[in-house]
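Undergrad: Listed below are the residues making up each chain.
2 protein chains.
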Amino acid sequence: MTSCSNSSPLRLGIAGLGTVGAGTIRLLRMNADLLSARAGRKLEVVAVSARDRTRDRGIDVSTLRWHENPLDLVSDPDVDVVVELIGGSEGPARALVEKALSAGKPVVTANKALLAVHGSALAKLSADNHAPLLFEAAVAGGIPAIKTVREGLAADKLLHVGGILNGTCNYILTVMRETGKDFDLVLKDAQDLGYAEADPSTDIDGIDAAHKLTILAGLAFGRPVAFDSVQVEGIRQIGAIDFAFARTLGYRIKLLGLARLTDAGLQARVAPCLLPHNAPIAQVDGVFNAVVAEGEFVGRIMLEGRGAGAGPTACAVTADLVDIARGHTIPVWGVQASAEPALRACPAGTGAGAFYLRLMVEDRPGVIADITAVLRDCGVSLRSMLQHPAENETTPYVPLVLVTHQTSEAAMQDAITKIDALSVVTDSPVMIRIETA
Amino acid sequence: MTSCSNSSPLRLGIAGLGTVGAGTIRLLRMNADLLSARAGRKLEVVAVSARDRTRDRGIDVSTLRWHENPLDLVSDPDVDVVVELIGGSEGPARALVEKALSAGKPVVTANKALLAVHGSALAKLSADNHAPLLFEAAVAGGIPAIKTVREGLAADKLLHVGGILNGTCNYILTVMRETGKDFDLVLKDAQDLGYAEADPSTDIDGIDAAHKLTILAGLAFGRPVAFDSVQVEGIRQIGAIDFAFARTLGYRIKLLGLARLTDAGLQARVAPCLLPHNAPIAQVDGVFNAVVAEGEFVGRIMLEGRGAGAGPTACAVTADLVDIARGHTIPVWGVQASAEPALRACPAGTGAGAFYLRLMVEDRPGVIADITAVLRDCGVSLRSMLQHPAENETTPYVPLVLVTHQTSEAAMQDAITKIDALSVVTDSPVMIRIETA
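Sequence lines, in order, name chains A and B.
Residue 299 in the numbering used here sits at position 299 of the first sequence, with consecutive numbering throughout.
Offset between the second sequence (1-based) and the numbering used here: plus 437.
Treat the hints as calculated values from the structure; they're not laboratory data.
A portion of the hints provided could be inaccurate.
As the list claims (entries may be wrong) - Simulated pairs of lysine-lysine, DSS-like, Cα-Cα distance not exceeding 30 Å:
id : chain 1 : residue 1 : chain 2 : residue 2
1  : A       : Lys42     : B       : Lys594
2  : B       : Lys479    : A       : Lys157
3  : A       : Lys157    : A       : Lys188
4  : B       : Lys561    : B       : Lys594
5  : B       : Lys536    : B       : Lys479
6  : A       : Lys181    : A       : Lys124
7  : A       : Lys42     : B       : Lys536
8  : A       : Lys124    : B       : Lys479
9  : A       : Lys181    : A       : Lys157
10 : B       : Lys536    : B       : Lys561
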């Protein structure tokens, strides 16, 4: 690790000048005095690297050394800390972080995919080279979720961690609830407003939330978690009709990431959930994120704030830089990296829960008897059933909602497969887990 | 500062073995392995001091060195860190912390009164002797509020900070809202349940919340704040009738501490407030605390959790110990202590706001005209007025509620003084500030 005396500036090399990179430079300039006072030394950007030198980013970068190749930031002797804001789990972002850590240079990154996918190897690289790797901006934007889990709750044994980790999904689900509109329409509006990407799949299919959950779980349980073992489900299948049923039942629908250590092992899942409408996390709407953690001693903690955007993300990146300037460094997963491989979450179908099941069924006598017989045969016990009359005379199908008692996932999957095969059922059944948190 | 090699245990001397002290020892024992892994070394209690050696605290302290005088923990050469859990802004707690810092020994404390009242002098003592002073447990129990403001949000200029900082008051106000019972009755129940002290004044008169707000404001604005300049109002005057009116108007009543840096200076106040019933902080009920902060870049952050109790408080104390073991230390107010005196908040009457004013007035024609004339003459503009019919035939008085537009505090105080002097008004007027946050 590069050593600097406390009075010399901490010299930064920033790779990636998109929204977050430009926002970070703007913040470093606007808050320069405040940052010097808090960090005990100046934070000074000396070099940058991005794809297009001529693009107008709303900030003047003409006085900064420009590297065409981001990897050259590592060999630049004037750069004390490499700030990686390129993104992506592979390619130049990964190469840059690996090269910097190998060279013993501290790295600050906002890259959730990189940490989720390569967190185990990067922790080892960081430890072997005494080069800190900080990534507060990778989870929940401006909410200091990583610091809270890794330091604030360091004294407690955590039982679960997670939350509303994707602002795009939360925005879409909130608007669907408020307007009664269908998914496709609301997604289109979100894209027009800049809340969803042109290719929205990373967000709406739950991948982004799963990256963040993988990181939170690794911090909470002190060991990297294998990203490919996390169960991931997105929100495409949720219809306007599900919000109507959820309201009737007293629930809200949220995309939750939750990781729990159970006797059977780690349960880690991103999926849409029904939550009691008055649960604190059910109140977190729009683009806001919420992170929850529960510990044996501390009980339940919830943090809420903006999960994305240039300002909040720049704040998180710069808070990491202040920590480095203060000499506060910490192993990647909060404990010294061990030789153990990443922790794998239990496979799907091994847990239990209560479920909401929405079917489109033929509107004729005997159908409900057929379906409830399947559930009985699979050992799934029903708590309630709701049916809405057909809204549309042109279709012979009506929505039917079944709410189960606590049951095993395996039994539920078995039942769904059998129900899906019934001739009276059209469309794929929509299953949503019911959470109490 | 005592220097310890990273492989040697961090040896603790704990003063005060009440709920929190005993809870901390229990946590240190139960989570010993986890703490060693996270801190990079063992945390080991070697000595304690408390008033009564024979009391059963549910933990075995017979193997620990016992000091009759807590000050002897400082001179005990086996003690690396002094943990002060005696409490109170003066007496043995203050003497112990001052002696430890003067001797260069790190101190961890849960003592909000001490930090609020002597924070300026203690910061100097800590800096002069290179002895860290950490106090995460002093504010909002298990919520890592101090770490969030001082480190997590270190990159941003904070605009305001505060929240629901006293669980006893929040519990009482929540039960009053839910049951419609009056203050005295609910306080009595809270005392029976152990949620309020036999002498509840520190809590219900707002002193405890003001201690915590003083600390949060000092951290947010990078300079200790003079406790005696903070405006403090408690909840004794709030009646069941106010909850009825608040509900009608779409508000909830919470005791909020809020500190804002304005062009006129620091506004810092603990007072009951009306909040829109759907505001996130208005949803925080019972003994839970919430801390809010708003920064220029990060926007609004809210943290919610248990603000008191042995478990959460022990977690916060121990997280500070882990920080010390990791070598993470930071100046008391987040920046190097300067020679400047503590920042004083603006005096009462210098701010502005919208207000709820509840009067008990004679139930006869002309009364409302008299009162609204006073408001007009004082330049206070009304937004709405509500009157409930007399519930009780035996009294000639009825409650009258006036809600103002934004107005100066000075005008409001002037109007209240004049209204209070009207012969048609009985009881003291109850004024509650309306907040949007």
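Undergrad: Decide, hint by hint, whether the structure agrees.
TA: Tested hints:
Under the criterion of a C-alpha separation no larger than 30 Å, the hint pairing Lys42 of chain A with Lys594 of chain B is consistent with the structure, at around 16 Å. Proximity of Lys479 of chain B to Lys157 of chain A is assessed by CA-CA distance (about 16 Å); at most 30 Å being required, the pair is judged to hold. Distance check on the hinted pair: Lys157 of chain A and Lys188 of chain A sit about 43 Å apart at the alpha-carbon level, beyond 30 Å; violated. For a cut-off of 30 Å, the pair hint linking Lys561 of chain B to Lys594 of chain B stands: about 24 Å separates their Cα positions.
Our distance criterion of 30 Å between C-alpha atoms is met by Lys536 of chain B and Lys479 of chain B, whose separation comes to about 25 Å. The straight-line distance between the Cα atoms of Lys181 of chain A and Lys124 of chain A is roughly 48 Å, outside the 30 Å bound, and the hint therefore fails. For the hint pairing Lys42 of chain A with Lys536 of chain B, the CA-to-CA distance comes to about 34 Å; that exceeds 30 Å, so the pair is violated. Between the alpha carbons of Lys124 of chain A and Lys479 of chain B the distance comes to roughly 23 Å, so the proposed pair stays at or under 30 Å and holds.
Our distance criterion of 30 Å between C-alpha atoms is broken by Lys181 of chain A and Lys157 of chain A, whose separation comes to about 42 Å. The hinted pair formed by Lys536 of chain B and Lys561 of chain B meets the criterion: a straight-line CA distance of about 13 Å does not exceed 30 Å.
Consistency with the previously given hints fails for numbers 3, 6, 7, 9, ordered from lowest to highest.
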